[in-house]
Amino acid sequence: MSKQWPLWEVFIRSQHGLAHKHVGSLHAPDAEMAVNNARDVYTRRNEGVSIWVVRAADIVASSPADKGALFDPANSKVYRHPTFFPMPEEVKNL
Amino acid sequence: MYAQMVETGLNAVRSAEDMADDERAFQARIDAGIKIEAKDWMPEAYRKTLIRQISQHAHSEIVGQLPEGNWVTRAPTLKRKSILLAKIQDEAGHGLYLYSAAETLGVSRDELLAALHSGKAKYSSIFNYPTLSWADMGAIGWLVDGSAIINQIPLCRCSYGPYSRAMIRVCKEESFHARQGYDIMLALARGTPEQKAMAQDALNRWWWPSLMMFGPSDADSVNSAQSSKWRIKLFSNDELRQRMVDQTVPQAEYLGLTIPDPALKFNAETGHYEFGEIDWAEFHNVLKGNGPCNRERLRTRVTAWEEGEWFRDALQAYADKHSQKAA
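Protein chains in written order, with this note's numbering: chain A, 1 to 94; chain B, 1 to 327.
Derived from the structure by calculation, the hints contain no laboratory data.
A quick note: this is a predicted structure, and the numbers were derived from the prediction, not measured.
One thing to keep in mind: the hints can contain errors.
Listed below are several chain A residues computed to face chain B (Cβ distance under 8 Å; list not exhaustive) [to be verified]:
hint	residue
1	ALA19
2	LYS21
3	LEU26
4	PRO29
5	SER63
6	ASP66
7	GLY68
Built from N, CA and C at the ideal position, the CB exists for glycine as well.
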């Protein structure tokens with residue numbers, strides 16, 4: 001059997017001004033083919049104006065086991081949300 | 001359905017007492033409606049069942065291109081031909097989304113394809129029937145893709161994140177398929193008596209195989225009960241089939257076509273259509289490989305894979321050459 005093509009993650013910018021968003025993955029032998037395939041697989045209905053492809057092997061992800069250590073500290077800091085501070089009704093533009 | 005009679009490898013539904021802490025926490029997350037993601041801990045049986053279910057679904061999308069490919073060169077107009085090509089291209093895309101979802105579970109696409117080509121993996125029974133006339137393109141879009149939508153919409157809410165996201169993409173595109181099918185049926189039903197007869201003939205041949213797509217009643221199936229508990233199956237085969245009949249009968253009436261089932265009648269009390277016995281011997285026979293087109297479908301897939309090998313290798317050789325140059 002031939003060598004398996006590497007996996008690429010595909011990110012699409014849907015409109016000018018919005019961030020690229022992960023839409024899925026695909027196999028391709030190189031970056032150029034990955035962009036071509038992404039065009040065919042993920043933008044058949046005008047879904048995008050720009051494509052990024054990244055080799056899946058090059059993505060570093062946080063581990064589900066570290067979820068607590070990474071994200072729990074934010075739980076106790078509700079004052080980071082503007083709604084934490086009640087404002088008097090009479091005061092405007094805040 | 002596109003995945004029929006998926007095995008879980010279990011003899012009884014897992015109860016809380018059977019489970020170790022890991023599995024109990026996993027089940028609690030599913031019960032709370034939290035999605036399971038690729039890197040999360042999951043029971044081996046869940047992982048394996050999902051690989052079987054998603055890959056069977058993917059294979060069905062890929063093999064499902066073949067009955068329609070039969071009519072690309074003979075579509076009645078250039079517009080119909082372009083639409084059919086776009087639909088078939090979507091099916092390839094759906095197969096790819098699903099293979100990607102399966103790959104997150106630790107299996108490679110080439111392994112899955114090898115299982116399809118060796119005859120080890122299954123695909124939906126429906127694609128082993130021949131497409132004898134242009135009206136079959138209408139009947140497939142209307143009935144087969146219509147049934148697929150009924151099955152796939154609930155799967156958008158299934159417990160496995162990558163599968164549910166693939167289903168959301170698929171469902172967005174699938175209503176084009178059902179509508180273009182019904183549009184073909186409409187054109188034929190409004191056409192000459194010969195064209196209307198062609199539409200009726202296609203309905204006659206595709207009606208029962210479409211009802212079989214949902215699989216036999218799984219009211220007493222351990223596999224289905226376990227899959228429901230894991231939320232990778234959200235409704236029973238009978239419930240989904242009933243939904244298909246209820247929504248399709250009025251659509252056939254609008255076309256002025258007759259559903260080929262003398263026992264079909266509306267029950268005003270339940271608000272549902274009652275329908276006749278399904279020939280499950282035929283279904284099992286097709287699953288065993290003895291449908292009208294099983295051998296031809298598989299042979300066509302294997303030939304396409306083998307004859308494309310030089311091209312896949314050439315692309316790889318080109319990529320290798322350029323990465324060596326860069327290094």
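Here is how each hint holds up against the structure:
1. ALA19: For ALA19(A), the interface hint is violated, since the closest Cβ of chain B sits about 18 Å away, which is over 8 Å.
2. LYS21: 12 Å, violated
3. LEU26: 6 Å, holds
4. PRO29: At 4 Å from the nearest chain B Cβ, PRO29(A) passes the 8 Å test, so the hint holds.
5. SER63: At 7 Å from the nearest chain B Cβ, SER63(A) passes the 8 Å test, so the hint holds.
6. ASP66: Violated: closest Cβ of chain B sits about 11 Å from ASP66(A), beyond 8 Å.
7. GLY68: 13 Å, violated
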